[in-house]
Amino acid sequence: MRSSIWIMVLICALCVAAPASVRAETSNDEVVAELREMRKALKQQNELIQKQQAKIEELERKVATSPMAQPPAPTGTRPGALPGQIGSLLPEIGAVGDIVATSSEDDNDTDGNDRVAVRHVELVLGSNVDPYSRFDASLTYSDFEAAGVEEAYLTRWGLPGDLTARFGRFFPKVGKQASIHRDSVPTVDEPLVIRRYFGSEGYFRTGADLTRIFEGPAGWVFQPSLGVLEGGTGEGGTVFGSTRRRPTAYSHLKAYKDLSDSSSFELGATHLVGSKDADPQFEVNVFGVDATYLNNLTPTSKLLLQSEVFAQHRRENFTVNDTTGEETRFDRHPWGAYALAEYRFAPQWAVGARADHVKLVDTAGPRQYDQGLSAFLTFYQSEWARWRLQFRHEERGPRETDDSVMLQGTFAIGTHKHKIQ
Amino acid sequence: MKNLLSSSFRGRQAEKSNFLKAGFLLASLVEMTVALAIVMLPISARAEEKLRVAATLSSFADLVKQVGGDRVEVSTIAPPRFNPHFIEPRPSDVLKVKKADLFVHAGLDLEAWRGPLLDAAGNPRHFPNQPGELDLSKGISLLEVPDQPLSRLMGDIHLFGNPHYWTDPENGRIMARAIAAKLSEMDPAHTEEYRKNLEDFLGRLDGKIAEWKQLCSSVQGKEVIGYHNEWPYLMRFTGLRMEQFLEPKPGVPPSPKHIGFLEEHMRQRGIRVIVQPTYFPRSSSDVLAKRTGAKAAILCQNVKELPEASDYIAFVDYNIRQMVQALEGGNG
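In order, the protein sequence lines correspond to chains W and S. With this note's numbering, you'll find the first sequence wraps up at 415, consecutive numbering, no jumps. With this note's numbering, you'll find the second sequence wraps up at 487, consecutive numbering, no jumps.
It is worth saying that the hints were derived from the structure and are not from the lab. All residues carry an ideal CB built from backbone N, CA and C; glycine is no exception. You may find that some hints are simply not true.
Result set (DSS-like, lysine-lysine): computed pairs, CA atoms no more than 27 angstroms apart in a straight line [stated by the list, open to error]: (1) W/LYS45 - S/LYS351; (2) S/LYS363 - W/LYS45; (3) S/LYS351 - S/LYS363.
Derived DEER-like restraints, expressed as beta-carbon distance ranges [stated by the list, open to error]: (4) S/ILE414 - W/LEU291: 24 to 32 angstroms; (5) S/GLU419 - W/ASN102: 51 to 59 angstroms; (6) S/GLU463 - W/SER121: 40 to 48 angstroms; (7) S/ARG424 - W/PRO125: 48 to 56 angstroms.
With the rest of the complex left out, here is chain S:
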């Protein structure tokens, strides 16, 4: 009886599921075939002879474009309006890096996502110290290099020094030269073109540096408040001081207690400007500005973060003018 019932049950089930079974098998077969076919597809040939460069930041991508001109095809990993510390690379970014001849990055520990990105792309030419990578921190005189044992009690500390070095246009010179040297090494046939582009860029940058120095002369020595400790290089260039931040410790969001401390600090020192990056929430700096009557200077960390920062020189120009205007307005 049991077997009869079982057989009957099995028969009905088998009948009902024939269509489903066929569907599943077909779907599985198709999926397996497609997967197999695409895994085995040959690598597509390069359509162009341009050097393909993947840069982690839009600022680096712009410098590569300035120096490489028409000889390079540049892509950026981190969208400029996002905090470069906390990017979640996407499959399309993996593909950019995989396809690139050259991978340009900030080095140090700015891009915590760089390691997983390189692992996912799996192109050994882009690993540290390999021919297809360019670490732009090499050659930079780093600031805030730790001189004491580090701990996360200190917050999101940088192990090798502050990595936001590209905000100083003097470092722009060093980076542009390093890019020119690398492009020439990888594409020696166009060395003269890269040298000419570099000369042209440095000529324009040097002219602006003199102008910026002149512009900053009226505000030198003044103190401003930051949100995150990402401006020491720009402070050095402008002669400004930034000793306190809305973040009580790097990476730790502002607290009411700390805002109270900053309010007192600003009153005591007569600080009139708060430097606010575009990608951090404005609520804390708005509260502090309201309490102290200070102005917020909205600065960019990277090229194309705002429309005004259309290229590297425009990006530095925007930051410096924003700060000087806020300081002069704030003191006026």
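If we strip away everything but chain W, and leave its shape as in the complex, we get:
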């Protein structure tokens, strides 16, 4: 009985197994059909995806080409985007060192003769005050004088008539080389006419001025300036007296023209009227003309030709010392000029020469004029370090001469921007 049961189970199993193999054949066909269906579906899906992709690309392109599309978020740290935006509020800070070694025939133990001197260290600060104005200051330290404020002025833009105003202590636009910082002067020393008339560091006074720039005919650019300044001059200057009470008025007209994309010509006229001292009869008129030709011959070489003439009309002949009775005579129409050429012949090298002549204001003695010739060679170590060697021959009147050799190192750290001249 038990064996018959097992036989029955076996038969049943066989019965089940036999149709299964038949079904397997059937199922293979179904699988193939199913695969075909799936392949078809996949193809349809692919086609759909491709269509959708094309649609996405089209939409993306529409969005991208829409002028209102905003660029993607920027990456990297941006100017003024330091943590907490602290950087945005800090002023630009820089320092310039001007160290000069001089070997001179001059017997005077002054002006750094036969020594290495820190002629000038300038701490420069500047920043926008608000949307309408900017404040700049230069604090100077030197071996030859006490610490001082060379510049401290507010620039106010956007005034009626497109005017720009300055208020405070600044370099007024008097000629070319009297109105720039020492580190921008192409020689170790300023031209004689600047040193003798306006002071050894150029002409910077406290006051206010107005400037406007506009286009003239034939591509000329004009920039007139008018200002009122405190009286007096810089250190060693003789054009005005030492009193600051009677103000000096100045005007300047710059006419500029591009000759090509690399060369330009500039002509300037300056007029100053001030006083030698507090007595109103001692009026001094100064009239100046400057001319500059600049040619950036190649991206790494350039030629600068520059000349300035200043002439005075002084309302005085002499002064008499009340105590000693000593008389000092004055030239009523002293004048002075220089001519300078500088050629930057390689990215790091420049050579140049300057000729000076100036009639002195104080002509009591035999020394009526000073004149000189200088030659200089400049090596630009990098963008922030410069070395300059200058030979200078000066004649101080008919008898006294002085030959000097000067080596100047000028170094800048921090933010240092030159104003556009």
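Mind docking chain S on chain W? Use the hints.
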């Protein structure tokens, strides 16, 4: 006696100087009058309704022209054949910026002269983040953003990342879109015109990008030597590598010692091309090329730097073809 002499001296002097005095006074008077008159002249009215755009670089000026078409009047500050880092803006440039409705610039610290230029122009609309300025670096994925404290011991380093991003045509797309958005914002009446010009430009650029990619496929991965580190964006686009430069440090001129190092480096790696910009002196790359037998590929940084780079697409095309030709020739 003294007074008599003095009076006599004064009299003679006064007589001699009458003419001079009159001349001086007249000259002073005229000069003062002219200066006063021109300072007080009214601002001239705008003759045209075109948007006036001042762009710092010729590449930006060309992109503005491509998008703005006849609706814009574009001027460039930096002459294209000069190194854009070291431009000395002129009074005529000050005037361009002062008169412009829109000031377009590279942002970052590429144009060290930009601040003094804006100060001299004195137009507050062009100051950072004001309505009349467009900083094209916004939206650009910057490369070489410093990840360590910076010092000038490293040379003329860029504080915010490498600013020469316009050399990559992929960035040309971003810049063109930003320009179109800005022009539309300032001149909404002509938005459709700007959009159409942009579409046209991007269509042409996209076509060329595909062509350039194909062209560069044969030279991908190869290394070249640069002069100044101003090509990382173009290197990324072309798939080339530039790891060493003739400048030992950015802004520091090549030295004999460094050229010796490069000579060895090129021999070891089999580098056959030196990328030479037009505005740097060629002497150092000539020496290096002579010693190693490498070729110099003269590339442009900006549109119109060479006649072949007449517009933005031509400028990129010229650079890529110069490099590929030098590499294929150099390896051949």
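Each hint, compared with the structure:
1. W/LYS45 - S/LYS351: The hint holds at about 25 angstroms.
2. S/LYS363 - W/LYS45: The hint holds at about 25 angstroms.
3. S/LYS351 - S/LYS363: holds (19 angstroms)
4. S/ILE414 - W/LEU291: 24 to 32 angstroms: holds (26 angstroms)
5. S/GLU419 - W/ASN102: 51 to 59 angstroms: Cβ of S/GLU419 to Cβ of W/ASN102: about 56 angstroms, so the range 51 to 59 angstroms holds.
6. S/GLU463 - W/SER121: 40 to 48 angstroms: Hint holds: Cβ distance 43 angstroms, inside 40 to 48 angstroms.
7. S/ARG424 - W/PRO125: 48 to 56 angstroms: holds (53 angstroms)
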